[in-house]
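Student: Residue numbers (my numbering), protein chains in the order written: chain R, 99 to 189; chain F, 99 to 189; chain P, 99 to 189; chain B, 99 to 189; chain Z, 99 to 189; chain H, 99 to 189; chain D, 99 to 189; chain X, 99 to 189; chain L, 99 to 189; chain S, 99 to 189.
Note that these hints are calculated values from the structure, not bench results. Possibly wrong hints are sitting among the right ones.
No farther apart than 20 Å at their CA atoms in a straight line, the calculated lysine to aspartate or glutamate pairs in the EDC-like style are these [said to hold, decoys possible]:
1. Lys-104(D) - Glu-178(L)
2. Lys-137(D) - Asp-112(D)
3. Lys-104(Z) - Asp-114(D)
Label-pair restraints from in silico Cβ distances [stated by the list, open to error]:
4. Leu-113(D) - Pro-173(L): 16 to 26 Å
5. Pro-110(P) - Val-189(X): 35 to 45 Å
6. Arg-134(P) - Ala-127(H): 54 to 64 Å
7. Arg-134(L) - Gln-130(H): 18 to 28 Å
8. Ala-108(B) - Val-107(S): 55 to 65 Å
9. Pro-186(P) - Leu-117(F): 31 to 41 Å
10. Thr-176(D) - Leu-122(B): 27 to 37 Å
None of these values were measured; they are calculated from a predicted model. All C-beta atoms in this analysis are idealised placements derived from N, C-alpha and C, irrespective of residue type, glycine included.
10 protein chains.
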Amino acid sequence: MLFHVKMDVAIPLDLDPDLRAETLAREKAYSQDLQRQGKWPHIWRVVGQYSNISVFDVESTDELHELLWNLPLFPYMTIEVTPLCPHPSAV
Amino acid sequence: MLFHVKMDVAIPLDLDPDLRAETLAREKAYSQDLQRQGKWPHIWRVVGQYSNISVFDVESTDELHELLWNLPLFPYMTIEVTPLCPHPSAV
Amino acid sequence: MLFHVKMDVAIPLDLDPDLRAETLAREKAYSQDLQRQGKWPHIWRVVGQYSNISVFDVESTDELHELLWNLPLFPYMTIEVTPLCPHPSAV
Amino acid sequence: MLFHVKMDVAIPLDLDPDLRAETLAREKAYSQDLQRQGKWPHIWRVVGQYSNISVFDVESTDELHELLWNLPLFPYMTIEVTPLCPHPSAV
Amino acid sequence: MLFHVKMDVAIPLDLDPDLRAETLAREKAYSQDLQRQGKWPHIWRVVGQYSNISVFDVESTDELHELLWNLPLFPYMTIEVTPLCPHPSAV
Amino acid sequence: MLFHVKMDVAIPLDLDPDLRAETLAREKAYSQDLQRQGKWPHIWRVVGQYSNISVFDVESTDELHELLWNLPLFPYMTIEVTPLCPHPSAV
Amino acid sequence: MLFHVKMDVAIPLDLDPDLRAETLAREKAYSQDLQRQGKWPHIWRVVGQYSNISVFDVESTDELHELLWNLPLFPYMTIEVTPLCPHPSAV
Amino acid sequence: MLFHVKMDVAIPLDLDPDLRAETLAREKAYSQDLQRQGKWPHIWRVVGQYSNISVFDVESTDELHELLWNLPLFPYMTIEVTPLCPHPSAV
Amino acid sequence: MLFHVKMDVAIPLDLDPDLRAETLAREKAYSQDLQRQGKWPHIWRVVGQYSNISVFDVESTDELHELLWNLPLFPYMTIEVTPLCPHPSAV
Amino acid sequence: MLFHVKMDVAIPLDLDPDLRAETLAREKAYSQDLQRQGKWPHIWRVVGQYSNISVFDVESTDELHELLWNLPLFPYMTIEVTPLCPHPSAV
């Protein structure tokens with residue numbers, strides 16, 4: 099079941115640089131793990147913004163919330179979720 | 099080069115039914131032809147709306163405009179284009 | 099799996115009265131059938147508006163879209179879907 | 099009498115961790131007490147957001163304001179209230 | 099129990115003049131009847147707009163919806179309802 | 099001459115508690131003095147928000163600005179003013 | 099007493115040309131009469147739009163509403179009124 | 099003196115085809131004449147929209163309004179004008 | 099050449115009081131000097147807001163930007179500029 | 099391939115003055131280098147705002163993101179990108 103997810107990142111400018119670096123490293127590992135499991139099949143950068151547009155493939159809304167809530171960058175993000183379904187014209 | 103495209107469809111309620119059916123058939127054929135060429139790699143229906151979220155893969159902004167402008171449903175659509183690029187965490 | 103659905107109805111003022119009455123009757127029957135099946139567990143009127151706020155309980159986003167797309171009033175509605183999940187403080 | 103309430107939580111990132119934990123514990127107890135009394139019959143998490151959508155069942159707008167104003171997280175919340183009433187198609 | 103109600107009127111320019119006049123007369127009678135009953139204690143015109151700001155005093159949200167839904171101008175109005183309660187500084 | 103005034107209060111979370119208490123006490127006294135003079139005939143709390151909706155009765159826009167500008171909470175408020183006039187259907 | 103008034107004009111494209119011309123002529127005469135009386139001291143065209151920004155000088159909100167409500171173009175306009183007062187830095 | 103101008107075109111779907119074609123031809127000739135005079139130095143199509151983003155180079159706001167008001171498509175356009183000036187980092 | 103300028107002021111609550119007073123004094127002197135030169139012919143306070151609506155009369159957009167950029171309060175302001183031109187109905 | 103880019107700058111008021119000066123100097127050098135390479139053919143100041151409107155000429159969305167992400171002022175900017183293409187009426 100697919101969901102379109104837009105994530106806008108706004109890390110405070112005065113965040114401790116070590117904490118920042120460590121959080122970004124954890125975010126990357128967390129994201130790549132989910133990508134490898136097939137739960138996060140698409141992630142693109144929005145040009146000119148600290149944002150991504152992603153597609154998640156999950157069993158339930160509950161699982162999706164769990165995945166998003168545990169993103170290391172979650173406290174610094176604004177997230178918008180749009181449910182998707184197959185398009186009748188898709189080949 | 100990838101672009102995120104959101105299309106919201108608003109066909110007038112009083113459009114001639116035959117014209118409507120014929121336009122929808124042309125739209126489907128047009129879309130499927132571009133999907134098979136690899137130019138329109140993703141198309142999803144937004145749940146509960148007469149809208150789709152798509153990703154296009156084109157050589158240039160000029161080509162993208164050409165493809166969108168010639169959509170049979172173009173006169174009835176509101177289209178929003180967001181340029182994408184690879185995400186540094188993508189596997 | 100629960101989804102929050104807001105439906106705003108805007109039937110054209112000049113719609114044929116018989117078609118209007120017949121569509122409203124079909125909408126009511128359709129809705130009540132889904133409520134009895136347990137797929138549409140909550141429906142409330144928004145005070146002062148021709149709108150409802152509903153909760154749907156479905157197996158998938160695909161099923162939800164199917165249910166909404168086939169609403170007899172769908173052509174006259176603006177629908178907004180928000181995915182829900184259990185709240186950790188719910189008793 | 100039912101009211102739809104959307105609560106968006108934005109706890110400052112630099113809030114003292116003990117105060118944060120203690121406030122969250124009080125919020126949970128406060129919410130569960132009202133749920134058990136039947137005054138807060140529904141509470142759902144919005145997927146991907148630190149927000150909930152709730153339904154309150156109260157005697158008056160005055161009682162509703164009293165309940166919301168005394169939420170331990172009230173100073174950190176944006177709250178939007180929508181009055182509801184029975185829907186004519188509800189079974 | 100008080101509710102703040104904003105009503106914006108948009109009567110179609112091509113509405114039959116007799117129907118228009120008759121609807122406006124019914125609206126005025128309906129409004130004045132509710133004012134005399136004490137259910138619609140305040141109604142003001144917004145300067146420069148075909149809009150009013152009103153306060154209703156009702157027993158329930160259900161009664162309020164009933165009153166608004168039966169306004170003769172309801173099909174031509176956009177209505178926004180805000181629940182009120184006594185202010186702690188009111189004398 | 100009547101004006102509709104919406105005031106949204108946002109006192110900084112880290113304001114000195116004594117200054118906060120003293121400012122709120124001055125605000126209450128200031129408001130009640132104007133209410134007793136008949137210049138501030140209505141003040142209601144918006145349910146679930148640190149906001150009020152008020153009606154002022156003044157001689158001029160100049161007097162209204164003077165009254166609002168000197169509110170002890172003015173530095174922490176967002177204020178929106180809408181001019182009113184008698185409604186032709188008012189009894 | 100001064101009020102800032104923004105008027106956006108949207109005459110239907112299919113309005114009868116004679117009615118259109120006659121209404122525009124009446125609007126011009128009405129406006130110039132008020133300008134000569136000193137009640138409408140400023141009127142400017144917004145560049146690139148069928149809109150004006152004006153300043154009215156009236157005795158009351160009631161008088162202002164009367165003037166605006168009787169504009170021949172009123173049925174085709176969206177009007178926004180902002181109350182003004184003298185600025186402390188004005189020379 | 100430069101102005102940034104965004105033009106969104108919305109020709110009614112039921113406009114007479116001959117009038118439409120004739121208006122578009124006049125628009126093109128009008129635009130190209132101004133481009134050749136150096137008054138309309140830039141015009142770009144916005145990808146996926148019936149819109150353009152342009153830069154005008156004029157002597158005054160009065161001249162700019164004259165040029166825009168006389169666009170053959172003016173009755174079908176929404177126009178937004180933003181004044182520009184040289185950037186201190188421009189080479 | 100006239101421009102409509104809206105300035106919203108938001109001085110940080112914790113700005114050093116001396117710096118605040120000194121900046122406000124410089125702003126007043128700067129504004130009054132431009133008013134006396136005829137470059138800033140109108141300045142009004144918006145009722146209930148720390149905002150002004152002004153009209154500037156300048157030779158060019160470049161001159162206008164220079165005047166606004168050098169306002170002592172510029173770093174604390176949000177400014178919106180709308181180009182004006184003579185209205186055909188102005189007397 | 100052309101992209102329209104709007105950049106709004108909001109440097110924190112309490113940024114260290116030396117860091118501020120040094121960042122602005124690097125931004126200017128960076129911008130002028132790209133201008134000289136032909137990748138940033140237009141940059142204009144928006145009158146009355148700490149914003150610019152620019153046009154970039156790049157090979158790909160990927161290159162554009164790279165250029166924008168590395169702007170020394172990127173952490174203090176809000177950036178909006180709109181893809182452009184040749185206009186059929188351009189001479």
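Student: Does each hint fit the structure? Answer for all of them.
Tutor: Verification of the hints:
Note on Lys-104(D) and Glu-178(L): the hinted pairing holds, with a Cα-Cα distance of about 15 Å set against a maximum of 20 Å. Pair hint Lys-137(D) plus Asp-112(D) does not hold up; C-alpha atoms about 33 Å apart against a cutoff of 20 Å. Distance check on the hinted pair: Lys-104(Z) and Asp-114(D) sit about 33 Å apart at the alpha-carbon level, beyond 20 Å; violated. The supplied range of 16 to 26 Å is broken by Leu-113(D) and Pro-173(L), whose beta-carbon atoms lie about 49 Å from each other.
Take Pro-110(P) and Val-189(X): their Cβ atoms lie about 57 Å apart, and the range 35 to 45 Å is violated. Range check, Arg-134(P) to Ala-127(H): Cβ separation about 59 Å, and the 54 to 64 Å hint holds. For Arg-134(L) paired with Gln-130(H), a C-beta distance near 43 Å fails the hint of 18 to 28 Å. Hint check: Ala-108(B) to Val-107(S), Cβ distance near 25 Å, so the stated range 55 to 65 Å is violated.
Distance hint for Pro-186(P) and Leu-117(F): a CB-CB separation of about 53 Å, inconsistent with the stated range 31 to 41 Å. For the pair Thr-176(D) and Leu-122(B), the beta carbons lie near 46 Å from each other, so the given range of 27 to 37 Å is not met.
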